[in-house]
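Enquirer: Sequence:
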Amino acid sequence: MCILVNINYDYIEEYIRSILKGGYGELSRLRDYANNNNIPIISPEVEQFIRILLKVSDAKNILELGTAIGYSALIMAEAANPDAKITTIEVRDDMYEMAKENISANKYSKRIRLIKGDAKEVVPKLNERYDFVFLDAAKGHYLGFFKDCIKKLNYGGIVVSDNVLYRGMVAKDELINKRDKTIVRRMRNYLDYISNLDGYITSVIPLCDGVALTYKEG
0 MCILVNINYD YIEEYIRSIL KGGYGELSRL RDYANNNNIP IISPEVEQFI RILLKVSDAK
60 NILELGTAIG YSALIMAEAA NPDAKITTIE VRDDMYEMAK ENISANKYSK RIRLIKGDAK
120 EVVPKLNERY DFVFLDAAKG HYLGFFKDCI KKLNYGGIVV SDNVLYRGMV AKDELINKRD
180 KTIVRRMRNY LDYISNLDGY ITSVIPLCDG VALTYKEG
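Residue numbers (numbering that gives the first Met the number 0): 0 to 217.
Quick caveat, the hints were computed from the structure, so don't treat them as lab data.
Just to be clear, a hint being listed does not mean it is correct.
Pair by pair, the computed Cβ-Cβ distance ranges are [what the hints assert, rightly or not]:
1. ARG28 x ARG50: 13 to 23 Å
2. GLU173 x ASN126: 28 to 38 Å
3. VAL55 x ARG112: 17 to 27 Å
4. TYR10 x LYS171: 18 to 28 Å
5. ARG16 x SER202: 36 to 46 Å
6. ASN34 x ARG91: 14 to 24 Å
7. ASP92 x GLY143: 35 to 45 Å
8. ILE200 x ARG28: 14 to 24 Å
9. ARG112 x ILE18: 27 to 37 Å
List of simulated lysine-lysine pairs, BS3-like, C-alpha gap at most 30 Å [as the list claims (entries may be wrong)]:
10. LYS115 x LYS146
11. LYS171 x LYS151
12. LYS99 x LYS119
13. LYS106 x LYS171
14. LYS146 x LYS54
15. LYS215 x LYS150
16. LYS177 x LYS215
17. LYS59 x LYS106
18. LYS99 x LYS146
19. LYS84 x LYS215
20. LYS146 x LYS124
21. LYS84 x LYS177
22. LYS150 x LYS177
23. LYS54 x LYS151
24. LYS84 x LYS150
25. LYS84 x LYS146
Remember, predicted model here, so these are calculated numbers, not experimental data.
Using N, Cα and C, we set each Cβ at its ideal position, and we do this for glycine too.
Hey, can you work out the whole structure from these sequences and the hints?
Expert: Written as structure tokens, this is what we have:
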């Protein structure tokens, strides 16, 4: 989900968003609802990036950590292979209930499995393997999430981590405010870990609030 203060010049962001095609119909309504109610969801830029990744990778089994109101899960269901299945995990009661309503009302609902719970507890209990993982949950816990998820990731699979530059603070000490010091430190540790992990290739992309793309070799 894109944080309101991000790392690119406003005029660049505005131009890119002016030429992007976002969700249509019900998905457009969900994006408007999220924007009007300050609910963070994936940015249009990241949305389009994920759409392309799903087309190129032809992922059949997808895992999402951080459902929010269900927008990104529905985007992935729309973009992925028609036979693809999506498992999405949400810890907050209010977000879970909204996601449940939004997903159940959508034509892609049968492709999506929504789980209520803490991803730290849920992921280790999952018995499936995945081709594509989208991390968009608690930023300070990305490293733990990643370690759990790659145990379930197929060779040739992809992990996409959103908000990894965290308003630019991860890259520049002068931007760090006191309340975010712990998150920034943990995110730096996370990026260092995934960038130097044997058997994986990672690229950090300055897209919206920063996206890390990790590929499992083999």
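Enquirer: Indicate, hint by hint, whether the structure satisfies it.
Expert: Status of the hints after comparison with the structure:
1. ARG28 x ARG50: 13 to 23 Å: holds (19 Å)
2. GLU173 x ASN126: 28 to 38 Å: With a Cβ separation near 46 Å, GLU173 and ASN126 fall outside 28 to 38 Å, so the hint is violated.
3. VAL55 x ARG112: 17 to 27 Å: At roughly 24 Å between Cβ atoms, ARG112 and VAL55 fall inside 17 to 27 Å, so the hint holds.
4. TYR10 x LYS171: 18 to 28 Å: holds (20 Å)
5. ARG16 x SER202: 36 to 46 Å: violated (22 Å)
6. ASN34 x ARG91: 14 to 24 Å: Taking Cβ atoms as reference, ASN34 and ARG91 lie about 19 Å apart, which means the hint holds.
7. ASP92 x GLY143: 35 to 45 Å: Because 22 Å falls outside the window, the suggested range is violated.
8. ILE200 x ARG28: 14 to 24 Å: violated (38 Å)
9. ARG112 x ILE18: 27 to 37 Å: holds (34 Å)
10. LYS115 x LYS146: holds (20 Å)
11. LYS171 x LYS151: violated (33 Å)
12. LYS99 x LYS119: holds (21 Å)
13. LYS106 x LYS171: Measuring from Cα to Cα gives roughly 44 Å; hence the hint is violated.
14. LYS146 x LYS54: Given pair LYS146, LYS54 holds - Cα atoms ~25 Å apart, limit 30 Å.
15. LYS215 x LYS150: Roughly 11 Å separates the two Cα atoms, so the pair holds.
16. LYS177 x LYS215: Given that 30 Å is the threshold and the Cα spacing comes to 35 Å, the pair is violated.
17. LYS59 x LYS106: Holds - the C-alpha atoms of LYS106 and LYS59 are around 18 Å apart, at most 30 Å.
18. LYS99 x LYS146: holds (27 Å)
19. LYS84 x LYS215: Status holds; Cα separation ~20 Å.
20. LYS146 x LYS124: holds (14 Å)
21. LYS84 x LYS177: Not satisfied, since the Cα-Cα distance of roughly 41 Å exceeds 30 Å.
22. LYS150 x LYS177: violated (34 Å)
23. LYS54 x LYS151: holds (21 Å)
24. LYS84 x LYS150: Measuring from Cα to Cα gives roughly 18 Å; hence the hint holds.
25. LYS84 x LYS146: holds (22 Å)
In terms of the numbered hints stated before, the structure departs from hints 2, 5, 7, 8, 11, 13, 16, 21 and 22, listed from lowest to highest.
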